[in-house]
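One line per chain: the protein sequences are A and B, in this order.
Each residue of the first sequence is one higher than the one before, counting from 18 in the numbering used here.
Each residue of the second sequence is one higher than the one before, counting from 187 in the numbering used here.
No wet-lab data here; the hints were simulated from the structure.
Mixed in with the good hints, there may be bad ones.
[Unchecked claim] Simulated restraints, written as ranges between beta carbons of each label pair:
id : chain 1 : residue 1 : chain 2 : residue 2 : range
1  : A       : G170      : B       : G339      : 53 to 59 Å
2  : A       : I48       : B       : G342      : 41 to 47 Å
3  : B       : E404      : A       : M18       : 43 to 49 Å
4  : B       : I368      : A       : L154      : 55 to 61 Å
5  : B       : A376      : A       : K294      : 35 to 41 Å
[Claimed, not checked] Chain A regions said to be covered by chain B (calculated; three or more residues, Cβ under 8 Å):
id : region
6  : 18-31
7  : 117-124
It should be emphasised that the depicted structure is a prediction, and the values quoted were computed from it without experimental measurement.
Glycine included, each C-beta is placed from N, C-alpha and C at the ideal position.
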Amino acid sequence: MLVELFALLKREYLRWVRAPMWIVAGLMTPILYLLLFGQAFNLGALVGSSPQGEAALRAALWGAPDYFSYFAVGMVGMVAVTSALFAGTGVIFDKQLGIMQRTIATPVRRSTIFSSILLFRGFLVVLPIFIVLGLALAFAHVPGLVGLTVTQGVGALGVGAVILAVFILAIAFTSLFLAFGFLFSRVESYFGVVNLLNLPLLFTSNALYPVGTEPGWLQNITAYNPISLAVDVMREVFFGSSYYPHPVYVYLLGLFAWAAGLVALALFLAARALRTK
Amino acid sequence: MSSLAPPALGQASSRAGGGSVIRVEDLGKTYGGQVEAVKGVSFEVAAGEIFGFLGPNGAGKTTTVSMLTTLLRPTRGRATVAGLDVATQAARVRREIGLVFQDSTADGELTGRENLTLAGGLFGMTPAECRGPIEMLLSRMDLADAGDRRVKGYSGGMKRRLELAVAMVHTPKILFLDEPTIGLDPQGRAGFWRYIQELRREQQVTIFMTTHYLDEVENLCDRIAIIDHGRIIATGTNDALKENVGGDVVELRVPDRARDLTEPLRSVPGVREVLREANLYTVKCARAEGLVSSLVMACDGAGVTPEGITVRRPSIDRVFLELTGKAYREEGYDDGRAAQASAFGGRRGAKN
Ligand SMILES: Nc1ncnc2c1ncn2[C@@H]1O[C@H](COP(=O)(O)OP(=O)(O)OP(=O)(O)O)[C@@H](O)[C@H]1O
Ligand SMILES: [Mg+2]
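When you get a sec, could you build the whole thing from the sequences and use the hints?
In C-alpha cells:
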C-alpha cells in the first residue's frame, strides 16, 4: 500500500517541480500582499497614538498590537483558500486525459488514490501558509518594515495549536475543492463554482478586517466560518486570550468539525467518481 | 437467446474447453438505460491465444474491453477473466491483466521511464523491482534512447509503444489491447505484430485485441470475432470464417455480348453460386483447385472463351460483406449515413 502511495505522490511531485512558473506565482501572491497591502494599510495611524486610542484599537483588533499583526494572521486563512482553489484541477485533467482511467484499471486501492491527492494538494496549501507566517514574523525584526508582533509568550502548546490549526484548515479547504474536482468533468464548471465560493468564504471571515463593526447577523456567520476559527486559534495564541470568548481548543474543535465534514464530502464524491460505472 | 447465438466455427468449440482464460456469456451494456452499446455477446478465449475483436467504429469494441477489464459494469450477462468474475472480483481481475487503452494515457510531463516506474508502483513494485523489466521493455520497444525524455515530446508511434510497455511492466499473463496499432506506420505495425507474437511464444501471454484493420486479424490473430452494432456476427479462425462464407472465388471475364453462362457454370460440380455482373462472372466454391479447368470447359461447351480468370481466397473484408450485407465500414465511416453510402455503391476504400 505504501509503495503505491509513494508512486502516486512521486508523480504529483514531478509534475509540480516541472511547472516552475506555477510555484513562483503561487508563493508570490501572498508575499506581495504582505509587502504591499499589509505595509501600506496602517489603521493605527488613523486612530492616533493616545493611550485611549491604542486601547480602542487593540480591542477592535482582538488583541493585536497593530493592523499588520492582525492582518498577517488573517493572511493564513486567505492563503489557505487561494492555494486550495487549484486542488481539484489536477483531478479534472487526469479524468480528461484518461490518466485516471489508467490508474483505476490497476489494483491500487481507491482510498490510496484519494489519500495521495489529498496529501499532496494539502502539502501545496500548507507550504505557502508557513512561508507567509515565517515572513510576517521575520518582518517584525527588519528595520523599516512592519511585522507580525507576538504580544505574549508562546509555549510549545501554543506552537502546537498553531501548527494543528494550519494543517486542519489546509485539509478542510483542500477537501472542499477536491470534492468539486471529483464532481465536475470540465474546468469551466469547476472554476465557476469555486469562484462563487471563494469570495463569500473570505469576506464572511475575520481574516482581513476587524469584525466588530459588522451587523450582528454577519458576526454570527463570521464566528462559524472555518477561516475565522483557524485565525482565532492563532490570534489567541499570539495576542492573548483576554479578547476571546472561548479557549483555543474550542476553536480547534470547531475547525476540526468543518474538516471532518469536508473530508467526508470529498470522500463521497471521490468514491462516486472512481467506482465502476 | 441461444438460437440467436452466432455460429461458432472451426476450432472455436474444441478450443473453448477448460483452458479458456476469458469466458464471456451474454455480456451486454446499456449506457444510461438508453444506448444499448453491447447487446449480449458470448465467446471464449483460450490460454495463449491471440484473439481479434474486429468491428467498425461504434460497434461496441471499447465497451466490451472496458467490461472485461472491470472499468465498466455489465448491465447484462457475465464474464470471467482468469476464472475471476469481472463484476464481483474486480480487484483481483485487475491484478491479472495488462491493458492498452485506445487513447494514450501516459503522463506527458513525465519521462518514459518515470511513467513506467509509476505503472509498476501501482502494481506494488518498488522502483528497484521495476528497473529490470523497464529496461528490457524500453529496448524491446525501441525507446531506450528516449526513456529519459518527457512523453509530451514523443511521436505518436513512440507513445503507442510506450503504452504497450506500460501495460507490460508487471508481466501480466493476459493482455487487453484496444486498437493498439492505431496511428502507427506500416513499419511500426509490423514491429508491433512481431512483439505480440514473441510475447505469446515466449511468455504464453493470452492476448485479446480489438482492431478495425482487416489485415491485422488476417496476419496476427488465431481466432477472431466480428462485432457490429453490439452483436457478434461470427466467431472462428480466419480460414473457417472464409470457408463458411463461400470459400474461394473464381472470377471469369468473358468477351462483351457473349451469351449468358450462368446456367452452364452453375451446373459444374462443386460450384455453390454464380453471380453475374455484365461480362464478369463470380463463381463461389469451397476450394478452387481442380475446379478452374472444369469451369473453362463449361465455357467452351457454351461456345465462349474466357478472357481472364482470377482465383482468390476471400478476405476478411469479404467475410464481413457476406455476413452483414454491407461493405466493411472503413475508418471515418462512423455514422449511419456513411455506412449506407458504402453499402450501396461503395467499394471498400472509396472514401467519400
Ligand atoms: N459513455 C457512453 N455513454 C453513452 N454511449 C456511449 C458511451 N460510450 C460509448 N457509447 C456508445 O456505445 C457505442 C459503442 O461504443 P464503443 O466505444 O464501444 O465502440 P467501438 O467499437 O470501440 O468504436 P471505435 O472503433 O470508434 O473505438 C457507440 O454507439 C457509442 O456512441
Ligand atoms: Mg473503441
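Could you see if the CB distance from B:A376 to A:K294 stays within 35 to 41 Å? holds (37 Å)
Residues of the region 117-124 of chain A with Cβ under 8 Å from chain B, three needed, outcome: Holds, because 7 residues of the region 117-124 of chain A bring their Cβ atoms closer than 8 Å to Cβ atoms of chain B.
State, for the Cβ atoms of B:E404 and A:M18, whether the hinted interval 43 to 49 Å holds or is violated. holds (45 Å)
Given the hint of 53 to 59 Å, check if A:G170 and B:G339 actually sit that far apart at their C-beta atoms. holds (56 Å)
Taking 55 to 61 Å as the hint, is the beta-carbon distance of B:I368 and A:L154 inside that range? holds (58 Å)
Is the distance from the Cβ of A:I48 to the Cβ of B:G342 consistent with 41 to 47 Å? Since the Cβ atoms of A:I48 and B:G342 sit about 43 Å apart, the hinted range of 41 to 47 Å holds.
If you look at each residue in the region 18-31 of chain A, do at least three have a Cβ nearer than 8 Å to any Cβ of chain B? With 8 residues close enough to chain B, the hint holds.
When held up to the earlier numbered hints, the structure conflicts with none and fits them all.
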